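Asks: The task is simple: from the sequences and hints, build the whole structure.
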Amino acid sequence: MKKKSWILYSIAVTAVAVVVVTAYSQENVKYVQDSAFKTKMRPGAVFLHDEHNEKAEIDDCGTCHHLYKDGVKIEDETSEDMECSECHKINGNPVPLVAKYHLRCKGCHEEKKAGPVMCSECHVK
Amino acid sequence: MHDIYNFVSGTLVWVSFILFTGGCVYRFVSMAALAKKKDPVIYEYMSLRYALRSIFHWIIPFGSENMKMHPVFTIVTFAFHICLIFVPLFLFAHIILIKESWNISWWFLSDSIADVMTLIVVGSCIYFLVRRITQPEVKFLTSISDYLILAVVAAPFITGFWTYHQFPGHKFVGIIHILSGEIMLVAIPFTRLSHMIFFAFTRGYMGSEFGAIRHAKDW
Amino acid sequence: MAEPAVNNTKQITDEGIVRGASKLTPEKIERVINSVLKAETGARLKTYVDICVHCGLCSEACHFYLSHDNDPRFSPAGKVKQTIWEILNRKGKVDAEFIKRAAEIASTECNLCRRCAMYCPFGIDIAYLLITMRRICHKLGVTPQYIQDTAHSHSATINQMWVKDDEWIDSLMWQEDEARGEIPNLRIPLEKEGAEIYYSVIGPEPKFRAQLIYQAAVIMNASGVDWTMPATPGWDNSDMCMFTGDFEMMARLKKIHFESAARLKVKKIVMGECGHAFRSVYDVGNRALGWKMPPIPVVHSIEFFYELIRDGKIKIAKKYEKPVTFNDPCNMVRGRGLHEMGRFVTNATCEKLIEMHPNREHNYCCSAGGGVINCGPPYKKTRVDGNRIKAEQLFAAKARGAKTIIAPCHNCHGGLEDIVHHYGLDMDIKFLGDIIYETMEKPE
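Residue numbers (this note's numbering), protein chains in the order written: chain D, 111 to 235; chain F, 13 to 231; chain X, 3 to 446.
Please note that the accuracy of each hint is not assured.
To be verified - Stretch by stretch, here's where chain X covers chain F in the computed footprint (C-beta under 8 Å, at least three residues): (1) 51-61; (2) 147-160; (3) 195-207; (4) 211-217.
Stated by the list, open to error - Think about it this way: if two alpha-carbon atoms lie no more than 27 Å apart in a straight line, the pair counts; the simulated DSSO-like pairs of lysine-lysine are: (5) F:K111 with D:K235; (6) F:K183 with D:K140; (7) X:K40 with F:K48; (8) D:K222 with F:K111; (9) D:K223 with D:K165; (10) F:K48 with X:K257; (11) D:K223 with D:K210; (12) F:K49 with X:K257; (13) X:K405 with X:K354; (14) F:K111 with D:K183; (15) F:K229 with X:K48; (16) D:K210 with D:K165; (17) X:K95 with X:K25; (18) X:K95 with F:K151; (19) X:K317 with X:K354; (20) D:K148 with F:K111; (21) D:K210 with D:K183; (22) D:K165 with F:K183; (23) X:K30 with F:K50; (24) F:K183 with D:K222; (25) X:K294 with F:K48; (26) X:K294 with F:K49; (27) F:K49 with X:K93; (28) X:K294 with F:K229; (29) D:K223 with F:K183; (30) X:K48 with F:K151; (31) F:K49 with X:K141; (32) X:K315 with X:K194; (33) X:K141 with F:K50; (34) X:K257 with X:K315; (35) F:K48 with X:K141; (36) F:K183 with D:K235; (37) F:K80 with X:K209; (38) X:K48 with F:K50; (39) X:K354 with F:K50.
Keep in mind the hints are simulated off the structure, nothing from the lab. For clarity, every value in this text was computed on a predicted model and none was experimentally measured. Built from N, CA and C at the ideal position, the CB exists for glycine as well.
Replies: Take a look at the structure:
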């Protein structure tokens, strides 16, 4: 009995570790995802983190992973360890959060006139 | 791509919204003024109560004798009009675009329901087309413009479905989708689609004549 | 794809149309069409033409369409396509041949019964579009000869049948005399100022249906109402000018009619069993004069009989035995909603009423109204062939036992007589007045 539960426990810990590492490991990001989205209307937006930043020449993590306090951006702090929805709360309606993501990605693309802007360009089936 | 996209989803949206609302207001105001000048009977005999009575009977399915005589047409036309209005107004993707642009949003349909409703619109358009080609009494009344209007109405839904499901060429079709929606919007006040503006008034006037003067029903 | 607007193989032989069209020039046609469109039409015509989505749902409303095996040329919108749409598309640049055919379509292949108005989802008044075509034809001088003759009679004599003033008085006195054989103290009070009821009839009654005046006099006397008839022009409430498109003359006729009633200071006008006349006095002619509703209340015989029976002024001695069916006339049913009153009178006077289908507001037209029967012999075939559906409707009622048709309208009466005869229906046709006269308790 004791042996069995120990095995189960270690499997569970490993599984959690794998999930957490996958989710937060910058090297492996392929899709934009956020656990706040319970049901997905479309496939997650394709996003290869490192390739994107290299191509877009983004060095400052805070460009996307920003942190605000009382409506003011804190310059030297970033938020890689958080999900966007931790601040941009969803409260049952996904529309504001989706719009935030879109403005972050599409807004920049439009500004720079580079990168995808149409629905099917990011939400690839 | 960016330039084209920005043009159709920016400038042209404004142009089409302005032409649509401006066109509707213009058509309505100019028609009301013309009626005042040339058809004062409309103002004299229009009765709110009987207008509403008539409109009510004609906007509920099978509310009139004619609808009962054509059950398939009735079901198709009601499904068509409901989907035609609901899908563009309550599509999630449209809501998001509006939220991004103007920071306002409202209730939305789930994408799977919107998908089915889109197919209903497209299917209805095919039904109308087949009816136009095969039914002698409809064919006799048909001119090229009737096919064009049908195409204008069907296009945004076909292209929307196409680009949502990412069939080949979906990026290009996406642009066409936006464009065709704008064309349809602009077409409403200036073509036979203007029955959207005038339906309530022609129906209401006939209802008033039948109800208030002739003491008879008109459904 | 698009069908030709005019597909005419039939030779037009009507004198009025042929001769009128022979005097036309393309310039005159264009000028007249555009002057009518510009001066007399507006938002209604424009909206109706602009929003029609060519759905064809009006088709099955029309007896001509149904009777011609669903030939699209006879559908309501199909007729508009061959007339008004074409004129608008070509901005009035049409030839005399087009006008001839358009005159025929508007005047003889549409009864303006307004059934289609109840079938168009948008409520487009198709009869209005076709009367506008008639108006243009009138202004062009291209109208069927027979109905034009009645319109001429209206202008010359203020009645439809060239009845001279003294002949009118003579006819009334003659019927009074006849009726006195039955009811010795019966009167037809002429020119009684301050009477409650002014009774008016159509020109054909003194001309060839004088017994209707006799019967009316008996009913009036038996019910003891205070009534009168005028001894001057204005007695004829009929109006063929309304149907030829001669709206000026229509207004003049109604003015004289209302004025003769006003002169006698009556409380209301009661009209004989005529449909088109009721439409003219109650709905159309008064508007042409600027009266939203008639200046003197107008009561159709159906309603009048209903009141007499309801109030016990007329007692029924013995009900009419043969099973009857009731033909709802367009102008009193779609035009005034008198269908239930008509049934009340029928049930009060007849043993059994067998409904024809469709009925009430949805009844098929008789194909005689709207001036079509008045276009005379050249178009008798048009209207009788054009109403096979009515024969089928009546056959179905007959199969369920109906032997007599009650038609409380002169045009229905005339139209149904021809249909009954042509299709071998072998049914009697009666006015409500006939039935009441037959079944009522008469004073000694």
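Asks: Next, verify each hint and record whether it holds.
Replies: Hint check:
Check on the segment 51-61 of chain F: 5 of its residues sit with their Cβ under 8 Å from a Cβ of chain X, so the three-residue criterion for coverage holds. Requiring three or more residues with a Cβ within less than 8 Å of a Cβ of chain X, the coverage given for the segment 147-160 of chain F holds, as 12 such residues are present. Residue count for the segment 195-207 of chain F with a Cβ under 8 Å from a Cβ of chain X: 3. That meets the three needed, and the coverage hint holds. Residue count for the segment 211-217 of chain F with a Cβ under 8 Å from a Cβ of chain X: 6. That meets the three needed, and the coverage hint holds.
The suggested pairing of K111 (chain F) with K235 (chain D) holds, with an alpha-carbon distance near 24 Å, which does not exceed 27 Å. Of the pairs offered as hints, the one joining K183 (chain F) and K140 (chain D) holds, with about 21 Å between alpha carbons and a cut-off of 27 Å not exceeded. Between K40 (chain X) and K48 (chain F), the direct Cα distance comes to roughly 15 Å. Compliance with the 27 Å bound is thereby established for this hinted pair. This hinted pair checks out: K222 (chain D) and K111 (chain F) have alpha carbons roughly 21 Å apart, not beyond 27 Å.
Taking the CA atoms of K223 (chain D) and K165 (chain D), the gap is near 14 Å; set against the 27 Å cutoff, the hint holds. Our distance criterion of 27 Å between C-alpha atoms is met by K48 (chain F) and K257 (chain X), whose separation comes to about 25 Å. Simply put, K223 (chain D) and K210 (chain D) have alpha-carbon atoms about 19 Å apart, close enough for the 27 Å limit, and the pair holds. Note on K49 (chain F) and K257 (chain X): the hinted pairing holds, with a Cα-Cα distance of about 24 Å set against a maximum of 27 Å.
Distance restraint check for K405 (chain X) and K354 (chain X): the Cα-Cα separation of roughly 10 Å lies within the 27 Å cut-off, and the hinted pair is therefore satisfied. For the proposed pair K111 (chain F) and K183 (chain D), the alpha carbon gap of about 23 Å is at most 27 Å, so the pair holds. Proximity of K229 (chain F) to K48 (chain X) is assessed by CA-CA distance (about 25 Å); at most 27 Å being required, the pair is judged to hold. Restraint check for K210 (chain D) and K165 (chain D): the C-alpha separation of about 22 Å stays at or below 27 Å, so the hint holds.
For the suggested pair K95 (chain X) and K25 (chain X), the alpha carbons sit about 16 Å apart, so the restraint of at most 27 Å is met. For the proposed pair K95 (chain X) and K151 (chain F), the alpha carbon gap of about 25 Å is at most 27 Å, so the pair holds. Among the hinted pairs, K317 (chain X) with K354 (chain X) is consistent with the structure: their alpha-carbon atoms are about 18 Å apart, no more than 27 Å. Restraint check: the Cα-Cα separation between K148 (chain D) and K111 (chain F) comes to about 20 Å, which is no more than 27 Å; the hinted pair holds.
Using a Cα cut-off of 27 Å, the hinted pair K210 (chain D) and K183 (chain D) holds, with the two alpha carbons roughly 16 Å apart. For a cut-off of 27 Å, the pair hint linking K165 (chain D) to K183 (chain F) stands: about 22 Å separates their Cα positions. Using a Cα cut-off of 27 Å, the hinted pair K30 (chain X) and K50 (chain F) holds, with the two alpha carbons roughly 24 Å apart. Using a Cα cut-off of 27 Å, the hinted pair K183 (chain F) and K222 (chain D) holds, with the two alpha carbons roughly 20 Å apart.
A threshold of 27 Å between alpha carbons decides the hint, and for K294 (chain X) with K48 (chain F) the separation of about 16 Å falls inside it, so the pair holds. A distance of roughly 17 Å separates the Cα atoms of K294 (chain X) and K49 (chain F); the hinted pair therefore holds under the 27 Å criterion. Distance restraint check for K49 (chain F) and K93 (chain X): the Cα-Cα separation of roughly 22 Å lies within the 27 Å cut-off, and the hinted pair is therefore satisfied. Between K294 (chain X) and K229 (chain F) the alpha-carbon distance is near 20 Å, which keeps this suggested pair within the 27 Å criterion.
Between the alpha carbons of K223 (chain D) and K183 (chain F) the distance comes to roughly 16 Å, so the proposed pair stays at or under 27 Å and holds. Among the hinted pairs, K48 (chain X) with K151 (chain F) is consistent with the structure: their alpha-carbon atoms are about 23 Å apart, no more than 27 Å. Between K49 (chain F) and K141 (chain X), the direct Cα distance comes to roughly 22 Å. Compliance with the 27 Å bound is thereby established for this hinted pair. A hinted pair counts as satisfied when its Cα atoms are at most 27 Å apart, and K315 (chain X) with K194 (chain X) qualifies at roughly 21 Å.
Using a Cα cut-off of 27 Å, the hinted pair K141 (chain X) and K50 (chain F) holds, with the two alpha carbons roughly 19 Å apart. Proposed proximity of K257 (chain X) and K315 (chain X) is contradicted: the alpha carbons are some 32 Å apart, above 27 Å. Simply put, K48 (chain F) and K141 (chain X) have alpha-carbon atoms about 25 Å apart, close enough for the 27 Å limit, and the pair holds. Between the alpha carbons of K183 (chain F) and K235 (chain D) the distance comes to roughly 13 Å, so the proposed pair stays at or under 27 Å and holds.
Between the alpha carbons of K80 (chain F) and K209 (chain X) the distance comes to roughly 45 Å, so the proposed pair goes past 27 Å and is violated. Pair hint K48 (chain X) plus K50 (chain F) holds up; C-alpha atoms about 11 Å apart against a cutoff of 27 Å. Under the criterion of a C-alpha separation no larger than 27 Å, the hint pairing K354 (chain X) with K50 (chain F) is inconsistent with the structure, at around 50 Å.
When held up to the earlier numbered hints, the structure conflicts with 34, 37, 39 and fits the remainder.
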